[in-house]
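S.K.: For the protein sequence lines, the chains are E and X, in the order given.
Under this note's numbering, read the first sequence as residues 8 to 50, first letter to last.
Under this note's numbering, read the second sequence as residues 131 to 380, first letter to last.
In short, the hints are calculated from the structure, not lab data.
Beta carbons: idealized from backbone N, C-alpha and C, even for Gly.
No false leads were slipped in.
Not everything, but these chain X residues come out facing chain E in the computed CB check (under 8 Å):
| # | residue |
| --- | --- |
| 1 | Pro-146 |
| 2 | Thr-147 |
| 3 | Leu-171 |
| 4 | Gly-183 |
| 5 | Leu-189 |
| 6 | Leu-234 |
| 7 | Ile-238 |
| 8 | Thr-242 |
| 9 | Leu-245 |
| 10 | His-351 |
| 11 | Arg-352 |
| 12 | Arg-354 |
| 13 | Val-355 |
| 14 | Met-358 |
| 15 | Glu-359 |
| 16 | Ala-361 |
Beyond 10 Å from chain E on every Cβ pair, some chain X residues (computed):
| # | residue |
| --- | --- |
| 17 | Leu-173 |
| 18 | Ser-218 |
| 19 | Val-256 |
| 20 | Val-269 |
| 21 | Gly-281 |
| 22 | Gly-282 |
| 23 | Ile-302 |
| 24 | Leu-326 |
| 25 | Leu-331 |
| 26 | Phe-332 |
| 27 | Ile-371 |
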Amino acid sequence: METRFVIISYIATFGGIGVLVAAMLRRARVLAQRLPPEDRPWT
Amino acid sequence: MSATHTDTAAAVVRRPTGTRVTRALGIATLIGLGWFVTFGLFLSPDDAVQLAGVRILYLHVPSAWLAYLAFIVTAISSAAYLSKRTRSLTWDRLAGASAEVGVLFMGITLLTGSLWGRMSWGVYWVWDSRVTTTAFLFVTYLGYLAVRGLGGSHHQRARRSAVVALLSVLEIPLVHFSVEWWRPLHQQESIAKGKLEGLMLFSLFIGVVVFTLLYVWLVMHRQRVLAMEDALDDHGLEFAIAERREEALF
Chain E
8 METRFVIISY IATFGGIGVL VAAMLRRARV LAQRLPPEDR PWT
Chain X
131 MSATHTDTAA AVVRRPTGTR VTRALGIATL IGLGWFVTFG LFLSPDDAVQ LAGVRILYLH
191 VPSAWLAYLA FIVTAISSAA YLSKRTRSLT WDRLAGASAE VGVLFMGITL LTGSLWGRMS
251 WGVYWVWDSR VTTTAFLFVT YLGYLAVRGL GGSHHQRARR SAVVALLSVL EIPLVHFSVE
311 WWRPLHQQES IAKGKLEGLM LFSLFIGVVV FTLLYVWLVM HRQRVLAMED ALDDHGLEFA
371 IAERREEALF
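Please model the complete structure; the sequences and the hints are all you need to start from.
M.R.: So, in C-alpha cells, the structure goes:
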C-alpha cells in the first residue's frame with residue numbers, strides 16, 4: 008500500500024506543478040503577442 | 131526586417147518571460163528535480179516504522195516550508211508596497227506571484243499529508259490542530275487571491291490585498307506551533323529532534339533546495355505575467371479613451 012501512495016504523491020505533486028507551469032507559460036505567450044516590446048522591460 | 135531581428139522577436143514571443151537568469155535557474159531546477167526523485171524514490175532507505183511511506187515526507191515537509199516562505203515574502207512585499215518610501219506596483223505583483231505559488235505548495239502539503247495520514251492513521255483527514263490550521267491557512271490565502279481579483283485600479287488592488295496579506299501572515303506561527311501547543315495526532319518536528327539521519331536527511335535537504343529553486347523560478351515568471359496583465363489593462367483603458375475621443379470629435 009505504501010508504494011502506491013508514494014507514487015500517487017509524486018505524480019500528483021509534479022503533475023500539478025507541470026500543469027501550473029504550462030498554463031503560466033501559455034498565458035505569457037498570449038499576453039506577449041498583444042503587447043509592445045516596451046511592456047516587457049526584462050527582455 | 132533582418133532575419134536576426136525576426137528570430138529575436140520570435141524567441142521573445144516563445145519565451146516572453148524568460149531571461150538568461152531564469153533559463154539558468156530553470157536548468158538547475160530540472161537537474162535538481164532529477165536528483166530529488168532519484169534520492170527520494172530509489173537511493174534513500176525505507177524507514178523502520180513508516181516503511182516506504184517516509185518518501186512522502188520528502189515532498190510534504192519542503193512544500194510546507196516553501197508555502198511558509200512564500201507567504202512571508204508576500205507579507206514583506208506587501209509591507210514594502212504600503213511604505214511610502216518604497217511604494218511600487220512591482221512589490222504588489224511580487225506579493226501576488228508569491229502568494230499564488232505559496233497556495234500551490236500549501237495544496238501539495240495538504241494532499242501529501244492526506245495520503246501520508248491514510249497510511250499512518252488509516253484516514254485521509256482528521257480535524258487535529260495542525261491539519262485544521264494548515265487548511266485554514268490555505269483557505270485564507272485563497273481568499274487573499276480572491277481579494278486581488280476584485281475590481282478597481284491597480285493601486286486599489288495593491289492597497290487592500292497588502293492589508294489582507296499582513297493580517298494573513300499572522301496565522302503562520304499558529305500553524306507552526308500548533309504541534310507544540312495542542313498535542314495533536316500530527317507528529318512533532320522530526321528534523322529538529324534528530325529523527326531523520328543519513329540518506330533520509332539528505333533526501334529531505336535536496337527537496338528543500340530544489341523546491342526553493344522552483345519557487346524562485348515560478349515567482350520570477352509569474353511576476354512578469356502579472357506585469358504584462360497590468361500593462362494590457364492600462365492599454366485597454368487607453369484604447370477605450372481614444373475611442374471615446376474619436377466618437378466625441380465626430
